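Q: For the record, the sequence lines run as chains A and B. Every position in the first sequence, counted from 1, becomes a number in the numbering used here once 8 is added. Each step along the second sequence adds one to the number in the numbering used here, with nothing skipped, and position 33 is 26.
Treat the hints with care, as some may be off.
Said to hold, decoys possible - For lysine-lysine, the following PhoX-like pairs were computed, each having C-alpha atoms within a straight-line distance of at most 25 Å:
no.: 1; chain 1: B; residue 1: Lys51; chain 2: B; residue 2: Lys94
no.: 2; chain 1: B; residue 1: Lys106; chain 2: B; residue 2: Lys94
no.: 3; chain 1: A; residue 1: Lys103; chain 2: B; residue 2: Lys42
no.: 4; chain 1: B; residue 1: Lys42; chain 2: B; residue 2: Lys94
no.: 5; chain 1: B; residue 1: Lys62; chain 2: B; residue 2: Lys42
no.: 6; chain 1: B; residue 1: Lys94; chain 2: B; residue 2: Lys62
no.: 7; chain 1: B; residue 1: Lys51; chain 2: A; residue 2: Lys103
no.: 8; chain 1: A; residue 1: Lys103; chain 2: B; residue 2: Lys94
For the record, the hints were derived by calculation from the structure and aren't laboratory data. Keep in mind it's a predicted model, so treat the numbers as computed, not measured.
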Amino acid sequence: SQTIHQWPATLVQPVGSPLSLECTVEGTSNPNLYWYRQAAGRGLQLLFYSVGIGQISSEVPQNLSASRPQDRQFILSSKKLLLSDSGFYLCAWEKGSASYNEQFFGPGTRLTVL
Amino acid sequence: AQSVTQLDSQVPVFEEAPVELRCNYSSSVSVYLFWYVQYPNQGLQLLLKYLSGSTLVKGINGFEAEFNKSQTSFHLRKPSVHISDTAEYFCAVSEVTGGFKTIFGAGTRLFVKA
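Okay, chain B solo, but in the shape it has when bound:
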């Protein structure tokens, strides 16, 4: 069975600084990988996804993530954050042959300071 570890529970960063949110996964088969964002008191929205092909995936709001199979990682990056990026970010993994389960990480709270 697959698992996901988000290595940082909270990441404070100043506005316009770069940020990286780390995600590692474990699986014995091929996987699909996702990053979701959750603004306060709302549901989750998909930021980006890796299904196959290019390991660098670009998403909405200027975010991108890189799939590294050898390190089993899928870190999320943004070169310059805004106050409005303050939210909770969830990494998720779904096994290609795994049926109906997507496993979510515990989340990383990104706090952007002025």
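Chain A on its own, in the form it takes in the complex:
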């Protein structure tokens, strides 16, 4: 069966510090991968998606970047965090060959920028 991992689970970082959040998927190959941010009391904002190694699409101009160095690894990064980067970050995957877009979510990382 497929599983998706995210770490760390929680993170407290000062403004201006770098960020690296990792997401890995097991039990499937060539998945589509997604990063979402969920701000307090708000819905999901799609940040990045990837359909293959090295292929990243950005949905919203911002202080963040994403990379996919391996088929089942998706990394969210920042060089300098802002207060507004605080939130709950969710990684999700879907079958790359699926004819419909059912997504499977990781447990999330709660980021607090102070």
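Given chain A, work out where chain B should sit, using these hints.
A: Relative to the frame of chain A, chain B by itself:
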């Protein structure tokens, strides 16, 4: 491009009462529709999905939803809720020919009271 509107940000209800969470979508093409549930500090889990066929879709935990094409709605219902149903519920839409984007609504917080 598609869009999703969840008409209620919060729905308080007493235990064992029925509940309906409303969702309307907008799209110029055929769509797939989803309901996800998010328990506190966790990722999202799929409750049910509509791809084609019968407009009444049954999901996990006793939930069901009805696709109404003429009203562009996909409301979620449960005849009798439990305390454990307290969570955030997200409606999502994906265009059949839309590639890799699933758009999520802002969420409805269901609060079940004893």
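Q: Next step is simple, just say for each hint if it's right about the structure.
A: Hint check results:
1. For the given pair, Lys51/B sits about 24 Å from Lys94/B by alpha-carbon distance, which is consistent with the 25 Å threshold.
2. At roughly 36 Å between alpha-carbon atoms, Lys106/B and Lys94/B are farther apart than 25 Å, so this suggested pair is violated.
3. Proposed proximity of Lys103/A and Lys42/B is supported: the alpha carbons are some 16 Å apart, at most 25 Å.
4. Only pairs whose Cα atoms come within 25 Å are accepted, and Lys42/B paired with Lys94/B is accepted, the gap being roughly 16 Å.
5. Between the alpha carbons of Lys62/B and Lys42/B the distance comes to roughly 15 Å, so the proposed pair stays at or under 25 Å and holds.
6. For the hint linking Lys94/B to Lys62/B, the alpha-carbon distance of about 21 Å falls within 25 Å, and the restraint holds.
7. Between Lys51/B and Lys103/A the alpha-carbon distance is near 22 Å, which keeps this suggested pair within the 25 Å criterion.
8. For the given pair, Lys103/A sits about 13 Å from Lys94/B by alpha-carbon distance, which is consistent with the 25 Å threshold.
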